[in-house]
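Work from the hints to combine the two standalone chains into their complex.
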Amino acid sequence: KAGVTQTPRYLIKTRGQQVTLSCSPISGHRSVSWYQQTPGQGLQFLFEYFSETQRNKGNFPGRFSGRQFSNSRSEMNVSTLELGDSALYLCASSLGTDSQFFGPGTRLTVL
Amino acid sequence: GIQVEQSPPDLILQEGANSTLRCNFSDSVNNLQWFHQNPWGQLINLFYIPSGTKQNGRLSATTVATERYSLLYISSSQTTDSGVYFCAVLIPETSGSRLTFGEGTQLTVNP
Numbered sequence: 002k003a004g005v006t007q008t009p010r011y012l013i014k015t016r017g018q019q020v021t022l023s024c025s026p027i028s029g030h031r032s033v034s035w036y037q038q039t040p041g042q043g044l045q046f047l048f049e050y051f052s053e054t055q056r057n058k059g060n061f062p063g064r065f066s067g068r069q070f071s072n073s074r075s076e077m078n079v080s081t082l083e084l085g086d087s088a089l090y091l092c093a094s095s096l097g098t099d100s101q102f103f104g105p106g107t108r109l110t111v112l
Numbered sequence: 002g003i004q005v006e007q008s009p010p011d012l013i014l015q016e017g018a019n020s021t022l023r024c025n026f027s028d029s030v031n032n033l034q035w036f037h038q039n040p041w042g043q044l045i046n047l048f049y050i051p052s053g054t055k056q057n058g059r060l061s062a063t064t065v066a067t068e069r070y071s072l073l074y075i076s077s078s079q080t081t082d083s084g085v086y087f088c089a090v091l092i093p094e095t096s097g098s099r100l101t102f103g104e105g106t107q108l109t110v111n112p
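Protein chains in written order, with the working numbering: chain A, 2 to 112; chain B, 2 to 112.
Take the hints with a grain of salt, since some may be wrong.
[Stated by the list, open to error] A partial selection of chain A residues facing chain B, derived with a Cβ cut-off under 8 Å:
(1) T8
(2) S52
(3) R56
(4) S100
(5) P105
[What the hints assert, rightly or not] Dumping the calculated DMTMM-like pairs for lysine to aspartate or glutamate here, alpha-carbon to alpha-carbon at most 25 Å:
(6) K55/B / D11/B
(7) K58/A / E94/B
(8) K58/A / E68/B
(9) K58/A / E76/A
(10) K58/A / D28/B
No lab work stands behind these hints: they were computed from the structure. Since the model is a prediction, treat every value here as computed from it, not as a measurement. A virtual CB, placed ideally from N, CA and C, is assigned to each residue, including glycine.
So here's chain B without its partners, still in its complex pose (with noise of 0.2 Å):
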């Protein structure tokens, strides 16, 4: 099945930083989204990015569909966007479709 690699697993950063969040996966994909779960565990959804650049506020996100890969940035972080922050991919199957997630990156925003 499709194999879904988020980068890299921990990232600790200072108030204030940016950073980028990457996840490939391995066959073409009609559906890719971005959540950030909270600490009581709920996966909030960020982004729903098939292809192209959205951006929400200090999120913003693109995927290029052609080469597998999806990106997640975070700028000026705040101690509230610690947590972690999954990629998951919609593949459809002989009947219905499920939801293929990475593993997640742990971001730690320190004040």
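Here chain A stands alone, though its shape is the one from the complex (with noise of 0.2 Å):
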């Protein structure tokens, strides 16, 4: 089975922009959660979706939103980018309430 993907793999901004990222779970898998890394902040969790709803959210500002569609693909998206916002975003699959797998990651960086 092809594993978790996740496009793209580097992403460069600037403030005030706007960014897309995309991930593909594991085939079978429909639920897919977002996590944030940062140095400062470790690993947060930002959303989670499952059949195309969204289950559950983080502690995170309204600029951060997500959807899955029919196929289990997930994007999210951050608009009004703040410098805060480098990180790397992580993607994780499962089936539900067991193993995530997670990602490659999409590495942000915002000038």
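Have a look at this one:
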């Protein structure tokens, strides 16, 4: 089975721009979660989607949003980028409440 | 919310040495995972181990759920074992779930 894929792998944006990241889960997995990793805050949960519905959301401002499509692929969007949004964004997929499997991540740099 | 603490924060070993990484959590959990973050940032699944003991080659893990800790053992360490090791617990919530990560243990294995 192919693993979780994320695109793009690297991204450079400037403050005020918006960005969209994509995640394709393992075939058959309907749950997709997003996490942000920064040196100062560690790994933090952003949101979880299951069957096109957002089931859970972390403590992030409304500039962070996401969605899931009928094929379970997910996108997350960050609007009005700030310097502090520079981070590694990781996507994970799972069948439900068992093991989560992570993609390679998207490294976002905001200048 | 649940707290996840890992120790030690940093560990430096010579190739061939053994090591034990510890993960303490503040509440009972149904799901605990160990990950190795490779130099490119991807989280690689090591173990899904809510309780009991598992082994995979030179790595093994034990979770004592009643005492709220898990241990990751690395035997005969190799330079390729270097990286950050995370434990994470899955927190079921009113709707959905989320992984809560520890701060990680930075392992350096010198030749």
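Each hint tested on the structure:
The interface hint given for T8/A is violated, since its Cβ lies 14 Å from the closest Cβ of chain B, which is over the 8 Å cut-off. Because the beta carbon of S52/A sits about 11 Å from the nearest beta carbon in chain B, more than 8 Å, this interface hint is broken. With its C-beta approaching chain B no nearer than about 3 Å, R56/A sits inside the 8 Å limit, and its interface hint holds. The closest approach between the C-beta of S100/A and any C-beta of chain B is roughly 4 Å, which is under the 8 Å cut-off, so the hint is satisfied.
A least Cβ separation of about 5 Å between P105/A and chain B falls short of the 8 Å threshold, and the interface hint therefore holds. A hinted pair counts as satisfied when its Cα atoms are at most 25 Å apart, and K55/B with D11/B qualifies at roughly 24 Å. This hinted pair checks out: K58/A and E94/B have alpha carbons roughly 10 Å apart, not beyond 25 Å. Among the hinted pairs, K58/A with E68/B is inconsistent with the structure: their alpha-carbon atoms are about 29 Å apart, more than 25 Å.
At most 25 Å may separate the alpha-carbon atoms for a hinted pair to count; K58/A and E76/A meet this at roughly 14 Å. At most 25 Å may separate the alpha-carbon atoms for a hinted pair to count; K58/A and D28/B meet this at roughly 21 Å.
Comparing the model with each earlier hint shows violations of hints 1, 2, 8; every other hint is respected.
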